[in-house]
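Chains as they are written, first to last, in this note's numbering: chain A, 1 to 206; chain B, 207 to 451; chain C, 452 to 906.
Because the hints were derived from the structure by calculation, they are not lab data. There could be a bad hint or two in this list.
Stated by the list, open to error - Between beta-carbon pairs, the in silico distance windows are: (1) C:K839 to B:A301: 26 to 36 angstroms; (2) C:I860 to B:E291: 52 to 62 angstroms; (3) C:P870 to B:E300: 44 to 54 angstroms; (4) B:E300 to C:K867: 40 to 50 angstroms; (5) B:A301 to C:K830: 24 to 34 angstroms; (6) B:D410 to A:S18: 34 to 44 angstroms.
None of the values given here were measured: they were computed from a predicted structure. The beta carbon of each residue, even a glycine, is placed where N, CA and C say it ideally should be.
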Amino acid sequence: MGTLINGIKTEKIMGRSSILKSIKENKPTLISLPEIDVNSFEETINLVEAFKKNVVSVGGSIKELGQIQDLDPEIKNRYPNAKRIFSQISESALGNVQISEQTKPKDLENLDLAILKGVFGVAENGAIWISDEQFSIRILPFITNDLVLILQKKDLCLHMHHAYKIIANRERTFGLFISGPSKTADIEQCLVIGAQGAMSLTIFLV
Amino acid sequence: MKVGLFIPCYINQLYPKVGIATLEVLEKLGVEVYYPTGQTCCGQPLGNSGYEEDAKGACQVFVENFNEYDYIVGPSGSCIHHIKEHFDILEQTEAVINVRKNSYELCEFIVKILGKTNLGASFPYKVGLHKSCHGLRGLKLGSCSERMDAYYSTEEELLKEVKGIELMSLTRKDECCGFGGTFSVFEEAISVKMGKDRIQDHLDNGVEVITGADHSCLMHLDGLLNRNNQPLRVMHIAEILNSCI
Amino acid sequence: MSHAKLAEIFNKDEAKVNWHDKALWYVREKRDTAAHNVEGWEYLRDLASGIKANVLSNLDNYLVEFEKNAQQNGIKVHWASNAEEHNKIVYKILTQNNATKVVKSKSMLTEECHLNPYLESKGIEVIDTDLGERIVQLAKEPPSHIVLPAIHKTKEEIDVLFQEHLGTKPSHGDPQYLTNEARKHLRDKFLKADVAITGVNFAIAETGGFVVCTNEGNADMGVHLSKVHIASMGIEKIIPKEEHLGVFLRLLARSATGQPITTYSSHFNKPAPGNAMHIVIVDNGRTEQLSREDFRSSLSCFRCGACMNTCPIYRRSGGYSYNATIPGPIGSILSPGMDMKKHSSLPFASTLCGSCSNVCPVKINIHEQLYKWRQIITKEQKQPLVKKTILKITGMVLAKPKLYAVLGISVRWMLKYAPRFMVYSKLNAWGKSREFPKVENGNFDQWYKNRKNNG
């Protein structure tokens, strides 16, 4: 049992102070941080082609749109059975689910499709950065049965070092790199697309 | 150049042919070879079992026998690796430092120091190369499959020049055979299983003779082959390089 | 039981050993392919190793920096010296939030702390939501691999398990069907949970944030559907700057499964409005490992499992043969430091082939540390008398050339002339499945002497 010191229980202080003390006593002499020479990872490749290839290899689908007007017909074609749709893309008229201040995460339980904007993509792994700067309910890209992301071709970078430069000055709340649909290989190493998150991920490049 | 010939203890006692082939190969290459008769063992079996302190005496005997030579050459990657890595437990006198620096596995000595690859050998058989771990990853006799390095193999450089030889490709290029010194008796079940799997890989790929630079691995595989009457034989790379058929 | 004994039992079913070995070798091959596709892979490993070396040498300052930044963002930071403290802290947060239902994504640290049985003893329902973890949870088994927890289970075994616990129809182990049924089952749990517990893949000192990586999305499904998020991390999971994630996230999934990145790499910095986020920073023997100069770098491990996939012994003995929360090569250098008596056989469960050290993304010299642990264990743990005596006597003999010559002759004589039943007796492990070498007339010494004498 701990006694109170300045309102903080001593047992709480002890865990922290004993750990820090132990580290101080046991850590080695300071070894300096290596510098990352990003040039070592340079490759002259076609970013769009590499990105497309990697999206497919991680189980996603990807299509280049001639014009943004093609978006809705394409989506209707791929997801004909989607009834409850949320869209944050102004060029899409398919959205029929509203998200407001009052919407609770569990209210989205039966969402069939979410159409969101991807901020940028990473060619080396087919990943796209999205964050709650764009969608206020964090569960959205996970709980939706299927997910569509719209991405500008010009918003592609080569690798993760570039990616972290791009998001270095963001408002830090919650964001993620999403690469393909949810998946698992936990049953005898057999890859199954569609685990606990979205069952599919389709990317439209404009 | 004076070369001290290091004959590992188990080769001395159980596989003298390998020692003889090593000596003959070096002499054919014009090397002045000396064989210090007071040598015993590099101490590896004790080190690997956790008794490196008790091996210090053996290590000292090694240094005393070999420190006068320009190079120390032995037909065993694991023993040479042990000398280079684990003689750090001895006081680092000039003699110890020299011995550690100048010890070479046979293939590495021939290719790197003598700069030779064609020994005029002839061995018209299908041969599978077992890339023993301590030589491969320890002495870096070759690149290994799990690292992203440019491909190279000291043993293959020598074997490629042998007349009539057919070097067969294995499914798993550099998996361990399971000998591991005293591991072979203290973890017998896994050791045997690993050996059996290695042999099967060679059989699956049409190998007639398994070779390598470490006869401890070959001894382990040979023991399994003979028990199971399998149609393969083992030969140390020195014996292949020394053969003219 | 020692690793050798458990491995022997595992090897009685050769078909199962082959299946297990091939499954993990396949993952190793996928890793190789992924690594080949990265320009500068070996340089990435050098960087990761160097960053972690810096971290360990400045760990206290980074942890304090992390705490300050995390707190500024509304994350509550707790510190636990050991497993017991960790469990108590987690339970306290649960009671403060009137929580009785918990969903948990993969966290080897919570396995290490035995969190589930502790919470369950207090009447809390804990559902492991990673599919592999859920499978072993239903089977009442521990995970056998840190990344692929159910790698030891066939799909038929999983089918039977799901029939019993999830009410599925028999499907001959159809992975698609079973995964879909698990999705429905777990979704129900996510929607009803009060609190979500996750692990931490990387915690960033510079920002006070942390990253959780999954393929299934189960960590996020848990966290964003509940009001309270508890993240458990070992002290060593800290990295200095967010830009370092570029190095670590490029290495992690490729090393673990051969994917270029996990499906979800979720970056948590602030709790959602109205929600609470807690981090529990855990020591549990790590500062002690930090004091061990030879073994300190084992703390660089970020639990990718690559060493297990490449290890020829792990593949042929299975995770349970190690009898440790973290098995395989990395487990064999971490566990003796925590309980040397229990884990004394682990550093010997290796041929020291060195493959593990080469696949380790942070370049831990695992095989060298295994060798070093052996030297310590033989001194500090009672060794079998026969083994100890034979080795010590051998050491003495090898130091005396004349004695060695006598030993050599005796061994050769024994092998050549002793009757088979004596040489291949039960006492002689070599001879159980292998023949001894055929002994020639004379050893090398004698041949050389003769040659010298004959000019």
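Hint check results:
no.	hint	result
1	C:K839 to B:A301: 26 to 36 angstroms	holds (31 angstroms)
2	C:I860 to B:E291: 52 to 62 angstroms	violated (31 angstroms)
3	C:P870 to B:E300: 44 to 54 angstroms	holds (51 angstroms)
4	B:E300 to C:K867: 40 to 50 angstroms	holds (42 angstroms)
5	B:A301 to C:K830: 24 to 34 angstroms	holds (28 angstroms)
6	B:D410 to A:S18: 34 to 44 angstroms	violated (58 angstroms)
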